[in-house]
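**Student:** Protein chains in written order, with this note's numbering: chain A, 1 to 406; chain B, 1 to 406.
Hints listed in this document are in silico derivations from the structure and should not be mistaken for laboratory results. Keep in mind it's a predicted model, so treat the numbers as computed, not measured. A hint or two may mislead.
As the list makes no split between identical chains, a pair holds if one copy fits it or if it spans any two.
No more than 20 Å apart at the CA atoms, straight line, and that leaves these computed lysine to any residue pairs for SDA-like [stated by the list, open to error]:
(1) 55 <-> 21
(2) 242 <-> 223
(3) 103 <-> 144
(4) 103 <-> 142
(5) 165 <-> 127
(6) 103 <-> 143
Number of protein chains: 2
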Amino acid sequence: MALIVQKYGGTSVANPERIRTVARHIVDCHDKGNQVVAVVSARAKQTDELIAMAKEICPEPSPRELDMLLSIGEQMSSALMAMAIHALGREAVSLTGVQVGIKTDNIYSKAKIQDIDNSRILGHLSRGESVIVAGFQGVDSANNITTLGRGGSDTTAIAIAAAIKADICDIYTDVDGVYTADPRIVPDARMLKTISYDELLEMASLGAKVMHSRAVEIAKRFDVPFRVRSSFTWAEGTLVCKEVPEMEKITVRGAAVDKNEAKVTMRGVSDKPGVAARIFGEIAAQNLNVDMIIQNISANGRTDVSFTVTKTDLAKALRIAEKLRGEIGAAEVLSDDKVAKVSVVGIGMRSHTGVAERMFRALAEAEVNIQMISTSEIKISCVINDDKADAALRAVHKAFDLDKIE
Amino acid sequence: MALIVQKYGGTSVANPERIRTVARHIVDCHDKGNQVVAVVSARAKQTDELIAMAKEICPEPSPRELDMLLSIGEQMSSALMAMAIHALGREAVSLTGVQVGIKTDNIYSKAKIQDIDNSRILGHLSRGESVIVAGFQGVDSANNITTLGRGGSDTTAIAIAAAIKADICDIYTDVDGVYTADPRIVPDARMLKTISYDELLEMASLGAKVMHSRAVEIAKRFDVPFRVRSSFTWAEGTLVCKEVPEMEKITVRGAAVDKNEAKVTMRGVSDKPGVAARIFGEIAAQNLNVDMIIQNISANGRTDVSFTVTKTDLAKALRIAEKLRGEIGAAEVLSDDKVAKVSVVGIGMRSHTGVAERMFRALAEAEVNIQMISTSEIKISCVINDDKADAALRAVHKAFDLDKIE
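Please model the complete structure; the sequences and the hints are all you need to start from.
**Tutor:** Spelled out as structure tokens, the structure:
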């Protein structure tokens, strides 16, 4: 007998048939002697429909009211799921974020969970009921409804698993698990049996859209092992857990490409203290996220500073760079939105040498020119021309034998 | 400056255009120096759609889960209305029943309000915000969401008006006000300027579907004067308030017909103590509502007992009557579902004589045969053949000069 938290995404509750299928799975888990808490998302597309409805009424809806509106999607799914379990003759109860007691800060639309009261969930479980929780939502200290932002239902599930000390948390989605690379680009990609929190975090930040980083970060902080699984095949999926020495045997566990990058270069910047702080302070003040930053050694008291942002933020970044050009004495501002970032990730890098060289050679052999390089302890990223993005991903995937990973 | 509670029904929030129109009216009231609390219903038809969705998942959804599901309709309306007010540049905040603190018992789908915490509403009003409350819902002592049943949003509005000691409560709907009779049947029907709580209660119970009795009963209990008004014309409407001596000058204030009646007669019942109690005890035990009960004087130790139920309950009532026939020694059970009930209502009846005679003569002149008669202090009802229902209503309406009422 285990205490299991399950999370079902929007495609898993998209219609009555899907809801019945999921209910049957919850009942099966329960009947095997487990206690089940299922966190459900809004039906696929419902959140977009509600946002469109809000914008028809008010072009810039207040975040508080938008959260009030959006939270009903998950509430609807939770009530319908409880009914579907009743239809199978078992006990279940739906709970909103407020009812569970998911306390958050009051940053509407991207609230952070501060505390979860586990007493109500544990009470229902002890009476033999399955508990269906509306994901993505919480309540602030003034009793306003908040939502947790992107990946919110994953976050709810992981946080509840931590709060009730669940044995396992299963994140059901429409993919089988975590792959060595995006199978739509790399046909040879393999599904991973296990991956560490840190590796998944790097994969997520690199554009592998398996799970939102915030949920993974909470899992890491509270050490909540979880599986990424499919509610269409119910296969075992990928176990995400804390790093064990065994894992280091594999140098690189995954590769990813992010095509949503743009590059800005400020040429001939005065090489003196405070210049970088001035540039990136201004960019942060405008709420732009900078990904990579590269500054080479200087010549004649001048240097070049390059950085990448998302393609949608490029225009804003260029305006800031042009504004600062005179002040910091830059000769010119260049930009390129035809770039992509290809990366490899693996905790084994820490104990294996030659990883960077192997990646660069694979790219050279595929005739991919490297424009920028950035490394972390468990990751190497290269900015390249974006028309080579897919070829580059396939080349590094092969170079690290990811098509043969067990 | 006044403290105003307004209630908007499903047709008043049916689409973005209607929501914007209502928001404009709330803002106008606010800008005239009033404090406004608006209680909103779910968009017209949404509740039916949600029920249909539930029944597709589970033929007999649990009342708790159904309340959880249905409450989202009003939550949606309240958030959208607050956004529409923001779009007009004014402050507003939406609140669910839980957030207001509308405490109810735990009889799901027809919960009764036990207490309302007025502090949160008054706090928002004092900060110059209009408050938009999701109608029809509350919360029980275990923090479960409950709904108040038919007429629930009216009940919410009246109960809030009582809790915050509002100066007036405006129930906005799709009719202009309370009429002397249904204008679709009686073209000469006039809109009433005022009506007492008791008269409206009788009218409501007689099938005049202006407002649900429960809301009117609460208004009467806490003496909350309210107006029935149209959100399409914004005309003054009808003021419903406690009885004042002036009102008694008018003998009859309204007439109504209820075509949803069916009659059951048990013939030749033993005329001894306990028989009526046996019959109607059994009927109550099966949750059937009996409207009129008639028992005439007996002959030879036998009597006839007749009663009326709604047409939909007739089959159930007949099964009970047949079951009891042997036990109570009835000769036979007769039934008729082709009946209707025509009634006149007025507090002036208490001080005027000849009202019954005037009604019976009007029916006789219209060649309407009276099958059963029932009277209360302020009401006279006659059961008649249902193919004469409309003609009977027009006849009594004219007989009491309701087409000339001021």
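**Student:** Tell me, please, which holds for residue 165 and residue 127 at an alpha-carbon limit of 20 Å: within, between, both or neither?
**Tutor:** within (18 Å within a copy, 43 Å between copies)
**Student:** Up to 20 Å between alpha-carbons, please classify residue 242 paired with residue 223: within, between, both or neither.
**Tutor:** Answer is within; shortest intra-copy Cα gap is 7 Å, inter-copy 65 Å.
**Student:** How would you classify residue 103 and residue 143 at a CA-CA limit of 20 Å: within, between, both, or neither?
**Tutor:** Both. Shortest intra-copy (9 Å) and inter-copy (15 Å) distances satisfy the 20 Å Cα cut-off.
**Student:** Is the C-alpha distance from residue 103 to residue 144 at most 20 Å within one copy, between copies, in both cases, or in neither?
**Tutor:** For residue 103 and residue 144, both the intra-copy (10 Å) and inter-copy (17 Å) Cα distances are at most 20 Å.
**Student:** At most 20 Å between alpha carbons: which applies to residue 103 and residue 142, within, between, both or neither?
**Tutor:** both (10 Å within a copy, 18 Å between copies)
**Student:** How would you label the pair residue 55, residue 21 (within, between, both, or neither) given a Cα cut-off of 20 Å?
**Tutor:** between (34 Å within a copy, 16 Å between copies)
Violation of the numbered hints given earlier is absent; every hint is satisfied by the structure.
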